[in-house]
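Peer 1: Protein chains in written order, with this note's numbering: chain A, 1 to 357; chain B, 1001 to 1564; chain C, 2001 to 2194.
Derived from the structure by calculation, the hints contain no laboratory data. Every residue gets a Cβ at the ideal spot worked out from N, C-alpha and C, and that includes glycine. Each hint should be verified, as a subset may be incorrect.
[As the list claims (entries may be wrong)] Quick partial rundown of chain B residues pointing at chain A, CB under 8 Å, derived from the structure:
| hint | residue |
| --- | --- |
| 1 | H1201 |
| 2 | T1314 |
| 3 | N1484 |
Below are the chains, spelled out letter by letter.
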Amino acid sequence: MAATPLQEDVTLLPETIARTLGLDAYGFAGQILAALIGAFIVGNVMLAMTGVAGPWAKRKITAAFTDRIAVNRVGPFGLLIIVADAVRLLSKELIVPENVDRPAWDLAPLVVAGSALLGFAVIPMGNGIHLADPEVGLAYVFATASLASVGLVMAGYASNNKYSLLGGLRAVAQNVAYEIPLVVTGVSVVIFAGSLRMGEIVAVQRETLVVLAGVPIPSWFAIVNPFAFVLFVVANLAEVGRNPFDTPEAPTEIVAGYQTEYSSVYFVLFYLGEFVHIFLGGAIIATLFLGGPAGPVLPGFVWFVIKIWAVFLFTQWARSAMPRVRIDQLMEIGWKGLLVLSFANLVLTAIIVGVIA
Amino acid sequence: MSADPDRTAGADAGATETLPVTEGVEADRLAELLGDLVRRRDEHLNADAAFEVHPDDVQETLFTLRDEAGFDHCSCVTAQEYDDRFESIYHLKKYDDPTQEVSVVVPTDKADPRSESAEPVYRTADWHEREAYDLVGIEYDDHPDLRRILLPETWQGHPLSKDYDQDRPQVVTLQEHANPLEEDHKDSESDTMFLNIGPHHPATHGVLHLKTTLDGEQVADVDPDIGYLHRCEEQMCQQGTYRHQIMPYPDRWDYISAGLLNEWAYARAAEDLADIEVPDYAQVIRTMSAELCRIASHMLAVGTFALDVYGDFTAIFMYAIREREKAQKVLEDLTGQRMMFNYFRLGGVVWDIPEPRDEFFERARDFLDGLPQATQEFHDLLTTNEIFQLRCVDTGILPPETAKSYGATGPVARGSGIDVDLRRDDPYGYYDELDWDVITQDGCDNYARVLVRLREVEESAKIIEQCLDLLEDWPEDDREIQANVPRTLKPDPDTETYRAVEAAKGELGIYIRSDGTDTPARFKIRSPCFSNLQTLSEMAEGEYIADLVAALGSLDIVLGEVDR
Amino acid sequence: MSSKDTPTTDASTTTRDARMGEGLDDRFNSKLREAFGSSPFILTKFDKFMNWVRGSSMFMLQFGIACCSIEMMHTYAVKHDLDRFGAGVPRASPRQADVIIVPGTIVSKFAPRMKRVYDQMPEPKFVIGMGSCTISGGPFQEGYNVVKGAEEVIPVDIHVPGTGAVLRTRPGRGRRTARRGDRRGDPRDAVQLG
C-alpha cells in the first residue's frame, strides 16, 4: 500500500511516523507498525468525531431546526451527554433473540461500522494526514463504502424479524440503485483529474481556475462541474440512508428497519456506523469536489473537518425538512433519474475534456 | 337551539325528492314507501320516523330506504336489551341533509336474538354489527364476519347485556395469530408475508393492530384489529348521572384535545332529551371553545401525519405542537385544564370567561393573529413540498361513494368531496349566526385530507374571531352562562334520542334512552373514527406499506374514540 | 428488595429467572465486586457514576396508549423539551429503549401485549406509570374490560398521578427514576420496589 506519491509535497502519515519514531530501522516490521499507529490515530479521530456527532451534535442541530434547546443539563452545552449516552448504551443488556442466525447476526454491526472506517485509509486529510495513496484510491473508497450494504442485509436477514427483513431488503435495493450513479459521477471527476489516486485528485483542484477581484478561485470540481456535484450529493444522501432517502430505517413504517432487534453494543455499532458513513460520504465529497483539505488561513486538516461537518449539517437539515420518499419512488428516482443524469454528465464531461485537451 | 324540530322540517326543501315536506308528511310518505314492511311506527325525539320492522326484513327495508328515499348514510347501529327483547336500531341519515333522520328498529327475540345483517346495504354496518354482537349479543345472519371486535376472542359473555356478571374472571391470552414472534408465517403456497403492524408500532397512533398481508412491499390485505383501548366508556356513562357524572368522560373519547367537541355531543343529546334551552351567551362560549379544540386537534393531526411521512420528530411535528400549545394555553385559561376540560354543563358552561376578561381576549387574539403565519409555514414546509406531494397526491384514494358506504364523515369525507358538515347542515350552538365556510377538496387522497384540515383551521380561526367580538360586546347584565336545570335530572321513561355534532374527526353522535331514573338506560356513542377507520382497507390495499401508513395517518383516528 | 409490594410477580419472576439465571441479581458490577470485595471505595464511586449515567441519558420507548400519550408528546416537543434532560430520543424499537412510559388505560386485550413489549426491553429498564389509569384504572376502574393499574402487569417505578394535566412534573421525575437506584447502587432495586 505504500506507493510513492506523484506529488512531491505529499508524505504519507505512516512514513512520517516511521521517520519520527525511528521505526525505519526495523525494515518491513517497522513499516507495518508505523502504518498501524497511523491507522489508529486516523480511526480514533474519526470515531471521536462521530462520538460528538451522534449523541450531541445531531440533537443540537435538530433542536435548532425545531425551536428547541436539546441536551443542556449535563456539562457545558450538555456535552457530557456523550459520556453518559455512550456508557449507558454500552452497559445495557445485550439481547440475543431466539433463532437469530448467529454468526451473521453478530458480524453485521461490525461490518457496517468497520467498512466505513476502512474508507478513510485513502482520504487525504491535509497536514500530511494521509494513510495510503494507492493507484485505485477512488475505486477502493467506493468499494469499502458499499460493503456496508452487505452488513445491512446480513442484519436484516439474520434478525429473524420481518421488519428487519424488510429494512435489509430496502437497504440493499437502495444501495445498489444509488451506488451506480455515485460511481459514474465520481468517474466524471476522474476524467478531469486523469487519475483515480486521491492525492492527485486533490492536487489537481489546487490549481487556480480564475481570479475574481484579486481572489484566486481554485478549480474545485464543485465549481468546475456543479452539475456533477449536485448529483453526487443527492446520490450520497441515498447512499448513507438519510432523508429523504431513509427508507431502510424508516421509523413509523418498519419500526427501526434492519436494526430493530439490536440492543446495547451492537446497536451502538450500528448507530456509530451510520455516522461514520455520513462522515465518509462527507470526506469523499470534500475530496472529489471541494478540494480536500485546501482552504485559506487555517491548516488543511481543519478545513477538511469543516467540510465534512458541512456535509453532515446538510444531511441533518435534509432530515429535519424533507419527507421520506416511498420505496418505489426511490427506485424510480435512482434508476430513471439519477442514473440517466449521471451518464449524461459523464458523456458531457468526456466530450468537454476531450475538446479542451 | 339544537333540538328545534321546526328547522328540521323546513330545511329539506331541496332534498332528494319532491314533496314539500313537513315532518309528518315525510314520515307518512316513507311509511307508504315501505308498506307492509313496517310493523309499527314509533316516535323518537330525533327522527322523522322510527319504523319497527321484522328481523328478516332488515335488508329489504334498508335497500328501499337507501335507493328510493335517499337515506345513504347509516350513521350508527345501536343495540340494546330490554326486559322482553333485544333491539337493533339503524340510525339512517342523508348526506345531503343530515336533519332528515329515520330510525329502523329491529326487535329480536330474547331467547334467540338473531336478525338480518345490514352489511350488504351499508358497508359500515359490518363493524357496527360486530360491536353489537360483541357487547350486547345480538347475532346477525348474513354477516360476512361476525366475530368479537372490541373484546378479546376468549371473552365470555356480552358485557352490556342484562345478565352479564362483571365480577367473573376472564382469561385473556396472547393469541397465536397475533404473535409477532411466531416462528414462521410463510405459507408454502404463496409469496405473501403476514405482518403484524401494532398494537405497539410507531405509526399506529396508539394501540391499533393491523393484520397486514404483504406481497413484497405492497399491501395485499389489511385487517384493522381494534379494541386495545376499549375502556367501557358506554358502561361508564350508563352508570353516571345525567347532570354531573357523565360529562367528564367525553373528554376522554377523542383525547386529542377535542374534549369540548365531545362534551358538546353529550350536552346536545342530553339537552334534547330533557328539553333544556341553552342561553345564547353560553352558546357563543361553547362555539368559541369548541373551535379552539378543533384547531388543537387538527394541528396534532397534521403534525402526526407529517411524522408518518417524514419519519422522525422533525420540524413540522414540532411546529404543530407549538401551535397546539398556544391553543391549549387559551383553553387552560378558560377551563382550567389542558386536556380534560370538563367545562360544559347541561344547559350551558360551568363558568364565564375568566377575569380580567380583557386579558383573556388579548391572549386569544394573540393566538389568532399568529395563526395565519403558522398555517403559511405549514403550507411552505408541507403542502407545497414536492416530495410531500409526490407521497400524498393520488395515494390512499377514497372515492366518495365508498366513503359514503362506510359512513365516513368529517375531514375524511370532505377530503373526498362530500359536502357535509353538521355545523352547517344541522346547526347547533351559534354556528348558523356566524360567517364561515365548509371546506371540501375533491382530491379524495391523502393530500386532500391534509389540505382540508389545514384550511379548516383557518375557518375555525374565523369563527373564534367572531365569537370573541360577540363576547366582548355582550351586555354585562345578560351574561347568562347556564340555564336553570334541575339538580337531579330524570327524563321521561323511554324517551330516545340520537343527536350528533361535528367533532374534530366527523359526526360524533350520542344515542340516549332514558328509563325514568337519573342515569341513562342505554348510552351509545357513534364515533366518527370507528367508521372512518373502516375505510382503511379500501384505501390501502394494493398500495405500498408507506402509503398504508400515510393513509392511516390521514384518517387521523384516535383509538380512544374508535374503541371507546 | 421487599417482595410484599409486588404480589403479582410470580410470572414475571419466572421470566426473569429464565433470562438472568437464578439467585441474586449480580449482573451489575459483579466482576468488579468480586475483584475488590464487598464495599470498596472504587465501587461506590462506580455505582454512583453508573447511576448518574442512567439518570442523565435515557432513550424513551415511543409508546402511546391513550390520553396521556398526547401530553407525553408535548413533553418531547418544543415547550417542555424532554431532550434537555437527555431523554429526548424516542426509540420505536423496545430493544433500544431504557424507559417505558405507560401513558394510559390498560385494557384486557392490551395487557399481554404490553407485557411483551416490556419483556423485549433490555435491562436495566424503568417504567413510569403516567396518569391515574396506570395507577388504578382511574376513572375507568369500574369498567368490565379495564386492568386496574399497570402494576398488575409490569413493575412500575414512578407513578405520576392525575388525569391529563400532569406533565409539568414529569421531566424531573423521569430523571429521578434512575436516581432512585442511587442509594442502593442497583437500579433494579427501584424496579422491584415499585
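Peer 1: Hints first: check each against the structure and report whether it holds.
Peer 2: How the hints compare with the structure:
Contact between H1201 of chain B and chain A, as hinted, is supported at the beta carbon level, the nearest pair being about 7 Å apart and thus within 8 Å. Given hint, T1314 of chain B at the interface with chain A, holds; its Cβ is 5 Å from that chain's nearest Cβ, closer than 8 Å. Taking 8 Å as the C-beta contact cut-off toward chain A, the hint placing N1484 of chain B at the interface is violated, the least distance being around 48 Å.
Going down the numbered hints, you'll see the structure goes against just number 3.
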